[in-house]
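**Student:** Model the full structure from these sequences, guided by the hints.
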Amino acid sequence: MKNRIFSGAPSEDFAGYAKAVIDGSTIYVSGTMGQDPATGAMPESASDQARNALASIGSALAKAGASLKNAVACRVYITDASYLKDIAPVLGEVFRDIRPTNTLLICQLPAPGAKVEIEVTASTRA
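Quick note on this note's numbering: the sequence shown kicks off at 244 and runs consecutively.
Do not rely on the hints blindly, as some may be mistaken.
Stated by the list, open to error - Quick list of in silico lysine-lysine cross-link-like pairs, DSSO-like style, CA-CA up to 30 angstroms:
1. LYS312 <-> LYS328
2. LYS312 <-> LYS245
3. LYS306 <-> LYS245
What the hints assert, rightly or not - What follows is a set of in silico ranges between Cβ atoms, one per label pair, in the way DEER data are often shown:
4. ILE341 <-> PRO280: 33 to 39 angstroms
5. PHE257 <-> SER366: 19 to 25 angstroms
6. ALA258 <-> LYS328: 30 to 36 angstroms
Hints in this document: simulated from the structure, not taken from any laboratory.
Using N, Cα and C, we set each Cβ at its ideal position, and we do this for glycine too.
**Tutor:** Structure follows, in structure tokens:
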């Protein structure tokens, strides 16, 4: 049986998705952009957006009984290749000792001002 975690974002309802899905020992966290969790505003800097996205992903993983330390795969979507220099150090801070797989794609994002979206898959299997 799959368990679903919801953040309460309006888009989950109208677009029909969950923030995260737990399937056995695997947790799939939806793509997450970097709005400020307190205000909902999109920060200007790509690094702040990445930090916010990772914090939101960490919160979803905590609801699933896991953390970013359980990450096995990370997919990063950026709107411009120049943002890599800003977000790579943020990713390194979080994942340097964990070493999940990583995929980086350059694409458009749906939210105004969004520069980065991050998606994580985690495993609670020992």
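**Student:** Hint by hint, note whether the structure agrees.
**Tutor:** Hints, one by one, checked against the model:
1. LYS312 <-> LYS328: holds, 23 angstroms
2. LYS312 <-> LYS245: holds, 22 angstroms
3. LYS306 <-> LYS245: holds, 14 angstroms
4. ILE341 <-> PRO280: 33 to 39 angstroms: Taking Cβ atoms as reference, ILE341 and PRO280 lie about 22 angstroms apart, which means the hint is violated.
5. PHE257 <-> SER366: 19 to 25 angstroms: violated, 30 angstroms
6. ALA258 <-> LYS328: 30 to 36 angstroms: Since ALA258 and LYS328 have Cβ atoms about 31 angstroms apart, the given range 30 to 36 angstroms holds.
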